[in-house]
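K.L.:
Whenever a hint applies, use it, and build me the whole structure from the sequences.
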Amino acid sequence: MEQEEEVVAAAAREDEDSQLIYRIERPVYNETLIQAQLLKRKEDTTTNCQKLAEKFQCSSEKAKAAALSFMPILSWLPSYPVKKYLFSDVVSGLSTGVVQLPQGLAYAMLAAVPPVYGLYSSFYPVLLYTFFGTSRHISVGTFAVISLMIGGVAVREAPDSMFMNINATGSNASDAINVELRDKSRVQVAVMVTTHPGQPPIVLGLLRFGFVAIYLTEPLVRGFTTAASMHVVISQLKYLLGVETQRYSGFLSAIYSVKAVLSRITSTNIATFLLGLGCIIFLYVIKILNERFKKKLPIPIPGEIIVVIVSTGISYGLSLSKEYKVHVVGNIPTGLRPPAAPNISLLPNLVTDSFAIAIVGFSMDVLLAKIFALKHGYSVDGNQELIALGLCNFISSFFQTFAVTCSMSRSLVQESTGGKTQIAGLLASLLVLVVVVAVGFVFEPLPQTALAAIIMVNLIGMFKQFRDIPSLWRTSKIELAIWVIAFIASVLLGLDYGLLVAVTFAILTVIYRTQSPKTSILGHVANTGLYCDVDEYEEVNAAEYEGIKIFHSNSSIYFANSDLYVNSLKEKVAVCLSVWKQTETLLWGKYQEVSLLVFSLSWLQMKVCSCSLFTLQLKLQQFSENVSTFVISAFLCVQITKSKEYILTLLCELKVYPVSKHRVGNIPSLSQS
1 MEQEEEVVAA AAREDEDSQL IYRIERPVYN ETLIQAQLLK RKEDTTTNCQ
51 KLAEKFQCSS EKAKAAALSF MPILSWLPSY PVKKYLFSDV VSGLSTGVVQ
101 LPQGLAYAML AAVPPVYGLY SSFYPVLLYT FFGTSRHISV GTFAVISLMI
151 GGVAVREAPD SMFMNINATG SNASDAINVE LRDKSRVQVA VMVTTHPGQP
201 PIVLGLLRFG FVAIYLTEPL VRGFTTAASM HVVISQLKYL LGVETQRYSG
251 FLSAIYSVKA VLSRITSTNI ATFLLGLGCI IFLYVIKILN ERFKKKLPIP
301 IPGEIIVVIV STGISYGLSL SKEYKVHVVG NIPTGLRPPA APNISLLPNL
351 VTDSFAIAIV GFSMDVLLAK IFALKHGYSV DGNQELIALG LCNFISSFFQ
401 TFAVTCSMSR SLVQESTGGK TQIAGLLASL LVLVVVVAVG FVFEPLPQTA
451 LAAIIMVNLI GMFKQFRDIP SLWRTSKIEL AIWVIAFIAS VLLGLDYGLL
501 VAVTFAILTV IYRTQSPKTS ILGHVANTGL YCDVDEYEEV NAAEYEGIKI
551 FHSNSSIYFA NSDLYVNSLK EKVAVCLSVW KQTETLLWGK YQEVSLLVFS
601 LSWLQMKVCS CSLFTLQLKL QQFSENVSTF VISAFLCVQI TKSKEYILTL
651 LCELKVYPVS KHRVGNIPSL SQS
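Here the sequence shown is numbered in full-length UniProt numbering, starting from 1 and rising by one per residue.
Hints listed in this document are in silico derivations from the structure and should not be mistaken for laboratory results. A virtual CB, placed ideally from N, CA and C, is assigned to each residue, including glycine. Hints should not be assumed to be uniformly reliable.
[Unchecked claim] Keeping only pairs whose Cα atoms sit at most 25 Å apart, straight-line, the calculated DSS-like set for lysine-lysine is:
no., residue 1, residue 2
1, K287, K184
2, K477, K518
3, K420, K296
4, K296, K83
5, K184, K294
[What the hints assert, rightly or not] Estimated spans, in silico, between C-beta atoms of each pair:
no., residue 1, residue 2, range
6, I488, S263, 18 to 26 Å
7, S379, T504, 27 to 35 Å
8, N178, R337, 14 to 22 Å
9, I301, K322, 56 to 64 Å
P.N.:
See below:
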């Protein structure tokens, strides 16, 4: 075929309204002419086996790239600007460590393990993330939501009823429980539930499955973490009031926990409550001051460590534990524990919980890492974050830690105090190490109510996520539904089943969106080459061509929405097809006489089966003899199969024209119609 020359005449000038005018003239093309003129690139004939063999070929460059990717510290540490970054990282590391220390002690209570294990979990994972992580600002370590999920599993697998002292004579409920044996069993559960979730992320990261994070939408994560925060606050009420209640997990656990606390509220320990309330007020005031004067303060006021030191001093000086029955942290062993293998026999009962914990941990890690990366102009690797978090949990679990992820409050401290790299995280972990090795015993008189106050105040930021509801109501009802479902399901069903329900609902919304294509009838805007929805603009409605229907869809067509698509076509266009005319005249009423039907399918992406189904429907359901059919500006994504030529033939017969930005009058025979 003789090549046609395209004639383009473009003129730009400013008119009275300072608008630019652009004119273009060229022949009208259809799919056949385009396919004849364009020279396709040669298809890659490399087989999958050859591609796989190339992946496994090793060279010095590939080995170096793999090492730098697996351990990012090797790429940035050699060029670390000591004079520029070191001072900021030292200040940030010490500030973060001061916050990490009390949070480690507090979140161990949520995990239902002795406080020292929170310190272990604040040291080993942070140290490992320095070597394997890609974010410069997040602070890895204990996190309230993850700790609460672990605590729920530990209480379920090792309840108090399994460790009752038969010969107990004390009036206190705790006297009837073998606390030492119970804590040992719960530590084993926490370690095992940490060992297992460390493995799937490593494998998925190596297989480059980091893209799965996109399915954990922000409304889902924020709704879930808000619900988890409610669970955390409810679980801390008994420590704040100083009452003994059973710890619940699973369905309606939040309601049962509140009921249990209210039933014992007359037994409130006044000294415990007053001390806890004072800590809450002090921490809240400090938080407000830090936010209001953050530009003037060189570093945030370390309210948590002040509370820990002061409350420990008061408890020790006044003998609160003996004189007023205030519950304290108790024994904190000095030094690190030797590595030990987890109890594999516990694994069958923990698989589901492990995956839920892994999902929540990874989603929080990637979400915060991307926020800080966007703010400071660098990128994070989702695949490497999977590997890093998996290694942090898996390796650390052999040293008696429980699962960790990044903490929003500590990450904000690390970033706001000038942290530039994970050297800050390394220094924070070393500060925790000093406490574990040398001065851990100092915190033995620390009241548990002070730790409960620290946990509650740190969750204020989480409860601010309720502000998402009005904004989502204005912007996206579907995302609002995801947020609400994630919140309600997690509050009522527990965090594990709540997360499952939330993820399932989020996936269903994706299916719903793709199954419900947005369609419209386009009309010509007078004196322009533009076409808009006639239902949205009054000016457009008057300019719609008489006897012509331009049907537009911005959705992909596939097997699940093809019927809805055709139904929308019938409703919007109301063309009198021979089949419709016989069966649906009464339903649709009198049809407008239409002589030309134009399909504007700018984002038509159809699989072979769907494409053939759609085109065959159009072929079988013949339009009336006076109706011509065009498809304009269709970007076809058809799979390469034996039937490809057949599909293209059908489309060519339907007259595919890539001319949506030009006047409908440019379509052949339209000017005569």
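K.L.:
Compare the structure with the hints numbered earlier in the document and write down the numbers of the violated ones, lowest to highest.
P.N.:
1, 5 and 9
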